[in-house]
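**Q** Heads up: the protein sequence lines correspond to chains H and G, in order.
So the first sequence is residues 1 to 251, counted in the working numbering.
So the second sequence is residues 1001 to 1218, counted in the working numbering.
If you're looking for bench data, these hints aren't it; they were derived computationally from the structure.
Certain hints may be false.
One-sided excerpt, in silico: chain G residues whose CB lies under 10 Å from chain H [claimed, not checked]:
no., residue
1, Q1048
2, V1061
3, H1062
4, T1088
5, S1147
For glycine and all other residues, C-beta sits at the position ideal for the given N, C-alpha and C.
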Amino acid sequence: MPHCSPEQLALAALHEELPADDAAHLAACAQCREEVASLQRAVDALAVPSMAAPGPAVPPPARVWDAIAAATGATTAPRPEFVPAEAVPAEAVPAEDSGADVVPFRRRARPARRWLTVAAALLVGGVVGAGAVAVVRGQDEGALVAQTALAPLDDDGSAGRAEVREQATGRVLAVDLDAPELDDGYYEVWLLQSDAQRMVQVGVVQRGATVLPLPDGIDLGAYPLVDVSVEPLDGVPTHSGVSVARGELET
Amino acid sequence: MSAGAGLGLRSVAPYGSGMGTEPTPLHRAPSDPDDAEVARRFSAGDEQALAWAYERWAGQVHGMAVRAFGPGPDAEDVTQQTFIAAWTGRAGYAAGQGPLPGWLVGICRHKIADTWARRDRQRRSADAAADDARSRPPGSGSVEVDSVVADRVLLLGELNRLGQPQRSIIELAFFDDLTHAQISARTGIPLGTVKSHIRRTLERLRNRLEADGAALQP
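The shape of chain G in the complex, shown without the other chains:
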């Protein structure tokens, strides 16, 4: 085998590629439809569009999952569950949801958060069993970690309930790590509007945590 040939193909995705950036040409034949058409046919239940979506975006979705869990069964499960949930929930994907890859990334985020929460519950059961065995006070040490994991699931649910452009703005701040000035430049929304949306959204998330979050419980 010649060195590297056929192995290790990868692409460094453009920054913010979850927001609908065009995939690399590798994932598409010239005769294939564009992303918008794939999205339309996906939501209409055309099975071919599921395969196209997988060709174009499974690498990005799986890349996220691997980043969260390392390569292996958990990451594979997240990728698999993301596409299954997207397909079975395709009726919930409408034009207002933005580009299909961004929607898939959002689902992937939920699956990652759910998997953290599940792992965490398992670890707590194991810890509790160990605590019992050692006659120690239960749960020592992991309260903070538990609460952050639970909060994440709660907050992602709250993000789903945001309208636009609030949701895109806060996602660019949280997940694309953009400053408010960069968000304004990217979206064309005036600086002052971006700032007030950020403020109101953070307040809303704070209220949600105060009502239902684990982190603020004494």
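Next comes chain H alone, as it looks inside the complex:
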């Protein structure tokens, strides 16, 4: 077969799937592969998650507008009710804790799609299970220390229940989560301060029941909010900013 057309090679550089003939030729032809590689440098530099079209919105804290107003001299401020502030726990994590600067240097074949997948799962995914049930079952469930219902934060319907129990080995956070299945990404549970300015990562939660150990010495009075987030599989250890369910622990 003759060489692939220049247009097909450009599509290959964008990681599009080629027709079988072209794909077979490309696999066997060093010259065509070299052409793809040379076109791909720009793709690899730009088609990365940090450059992708906006995904989930994260309201900036009020100080961002203050700085803009100071720099531009603007006296007409946005109405706070239209820019919900301090809403998302993502505001709270100190940047120095962020591993985010490793992300763009990974080569992903289809970098943006995972955001679509998560969003689509949130929007259309079915909700499994029904009703809150006792989270911890079995003999060593331990004494109930605190509990809360996890209320949905959006129309995806994720909800559930969380309990803190004192077991022989220490306190645990037991989560029962009714949430859509995610094609890509996973759910994670956090304990937040009530102003959502600080948080502690507790661990990965599955749909259904998950029991996780709590850090020794954590003051539940200081971290009363149980927050479940959707995390992309991007290696970034901080909160994604996408919370799907939350509740306040009551003792």
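Following the hints, position chain G against chain H.
**A** Just chain G now, with coordinates in the frame of chain H:
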């Protein structure tokens, strides 16, 4: 406090929302002007339009910044610099630039790339100092990373120089992760035309990298 009430409000933005998709009603009062009017008044220097633009699109811009850097000062700085640059550079926003939110997202991309480059320079200075201290060969290990960061700034500048529809087409491919068939369906531009624009744009970007890019330097 009842669970979740008043906290954690968020919206999952529609896919491709940087390209001028309507914002959720949360960001607008019924009497407020539509996006096109906000854009017109923004470019005319009406200060009220800056506040409206912030209400409608700061969440998306900040969402991008947080995705790039995690929450914190760098992300906040990117969001802040994006709106300041948009306002001070509003004369450069003309009707041909497309919807205002898409223009803001483009500025945000530049600010993110600039911040990466700045972080990278700082890290290299720190590495160089550490290398000196340890008497090791300088720069070992981070050459590839450095060059990608520098290339990104260069390439975004080149994208700014593309005309339409070439620019929209390649942005949909790069940033919205659409296939050429999806781009054709979205834009109404024939498949063959989309493919030839993609080819020519990738060649142009390759030429730019070969002329000025760091990645191809030996």
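**Q** Does each hint hold? Answer for all of them.
**A** Tested hints:
no.: 1; hint: Q1048; verdict: holds (5 Å)
no.: 2; hint: V1061; verdict: holds (7 Å)
no.: 3; hint: H1062; verdict: holds (4 Å)
no.: 4; hint: T1088; verdict: holds (7 Å)
no.: 5; hint: S1147; verdict: holds (9 Å)
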